[in-house]
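Colleague: Sequence:
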Amino acid sequence: MLNNDDFLKQLGSLCGDIEELYIEPKYSYGHGLLTTFDRPAPLLRSLTIGRVSMYPDERLPQMFAGSTPKLERLTLRGYVRWPDNAFSDLTHLCLHDQFQHARPSLAEFLDFLDASPRLEQLVLVDAGPTVWNAQDAEIVGGRVVSLPRLKCLDIGYWDSVRSVMEFLSHMDISDSAALNVWSRSCTVGSSGNFLKSILPPDLRRLGPLRSLTTIRVTSRTHMQGLPGTRGMGNGDENIHVLSAHNGTLQLLGDFNVPEAFPTILDRFDLTHMQTLTLSSGEALRLSESQWKRVLSSVPRLRTLTVLPATSSLLLPLLDHSEQASPAAHLLCPELGSITVMDGRESTIPLLVRLAAQRLRQGRPLQKLCVVGDARSEIAALDGDAQMQLLGCVTEVEYKERVADAVRAESPQWPSAAYIWARGASQVSV
1 MLNNDDFLKQ
11 LGSLCGDIEE
21 LYIEPKYSYG
31 HGLLTTFDRP
41 APLLRSLTIG
51 RVSMYPDERL
61 PQMFAGSTPK
71 LERLTLRGYV
81 RWPDNAFSDL
91 THLCLHDQFQ
101 HARPSLAEFL
111 DFLDASPRLE
121 QLVLVDAGPT
131 VWNAQDAEIV
141 GGRVVSLPRL
151 KCLDIGYWDS
161 VRSVMEFLSH
171 MDISDSAALN
181 VWSRSCTVGS
191 SGNFLKSILP
201 PDLRRLGPLR
211 SLTTIRVTSR
221 THMQGLPGTR
231 GMGNGDENIH
241 VLSAHNGTLQ
251 LLGDFNVPEA
261 FPTILDRFDL
271 THMQTLTLSS
281 GEALRLSESQ
291 WKRVLSSVPR
301 LRTLTVLPAT
311 SSLLLPLLDH
321 SEQASPAAHL
331 LCPELGSITV
341 MDGRESTIPL
351 LVRLAAQRLR
361 QGRPLQKLCV
371 VGDARSEIAA
381 LDGDAQMQLL
391 GCVTEVEYKE
401 RVADAVRAES
411 PQWPSAAYIW
421 ARGASQVSV
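Counting from 1, one number per residue, gives the positions in the sequence shown under UniProt numbering.
Possibly wrong hints are sitting among the right ones.
In silico EDC-like links for lysine to aspartate or glutamate, alpha-carbon gap of 20 Å or less [unchecked claim]: (1) K292 with D269; (2) K151 with D175; (3) K70 with E20; (4) K70 with D97; (5) K70 with E138; (6) K292 with D266; (7) K196 with D159; (8) K70 with E58; (9) K151 with D89.
FYI, nobody ran anything at the bench for these hints, they're computed from the structure.
Could you build the full structure based on these sequences and the hints that come with them?
Modeller: And the structure:
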């Protein structure tokens, strides 16, 4: 039927009435099917072209005589250029699975985005500007594209994390937007450098990364069984994720924590941060001096979760002067809740000492949660220790599994774009 000229003419005659169109240009009739829609589409609001067969021609032919004045939602798979189609003033844009060799330059891509200042959702999955190069960056210079209405920016599976950084350095998005970046580990290089590689020099225009109140770092091992993360650590989905929204920064994957934390401390304003969660075996590699630097950077911290934890974390929290009144140099004076893994002999005595000291200094802990370590032969929180802690802490809790301890803090992830990109479900943007 799609090879029938009479049918195609009849189809083309409907252009003026179409409000939403989803089309898959398959096989030999694909190009002809697209060009059938050769008349203006004054009512078209949503257009999805899901290219199935990857032919060398990456250009989208002219459709609707280049006239789609009310088009707001555009989804293109495979097509890299559309020179004869004036796609502008969009609110939702999704590009995915583009050919690497034919993608537009950064300057060209910024021109395209600049024509749609009303964008609310931008999804770029293995798509977007060409791989970063110095010449392109020099041409663009300090140009910035402002998208004040943007609610969500998704960047996934880019072959170059440097390209992510370069692209973000030219974006201006509001505090209320969500930013999701994910990359396969094989393209990241050193996992500790993932953050350093994708963060532009100036973060002031990236609203989701300003005024953070919560940072959560979760390894692949500790993600297993958490809501919304099933399968993220399996096979080719060994990925690194940065997800930022509403004051919360999520880092998911096997990060080299001793390398990643200096970047966090140097690049983000942490003066308003209230919650820090580090659920990774990499926590064991942070020394006492490194923890002291971390804790010194978060004066308003109220909730601290570290799985597993060691004395290197707890020692900096102690006031070794043992003054009865709150010491001026006391780290994290507002700290009210601690969750740690009980895997070493020194953990519980240090917790008892810390809880008693904070009580004497008028800074009592409100909640203490101890998580069992199945790999450790050290006994779980016993009755005597629990009684000592209850004398100093309002609530003492024991949990057997890491997942139980961090489930309430499960990340705002995966994004709809990530689910869709993995093929778990089809999401219309």
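Colleague: For every hint, state whether the structure bears it out.
Modeller: Going through the hints against the structure:
| no. | hint | verdict |
| --- | --- | --- |
| 1 | K292 with D269 | holds, 17 Å |
| 2 | K151 with D175 | holds, 9 Å |
| 3 | K70 with E20 | holds, 11 Å |
| 4 | K70 with D97 | violated, 26 Å |
| 5 | K70 with E138 | violated, 35 Å |
| 6 | K292 with D266 | holds, 15 Å |
| 7 | K196 with D159 | holds, 16 Å |
| 8 | K70 with E58 | violated, 25 Å |
| 9 | K151 with D89 | holds, 16 Å |
Violated hints, in rising order: 4, 5, 8; the structure is consistent with all others.
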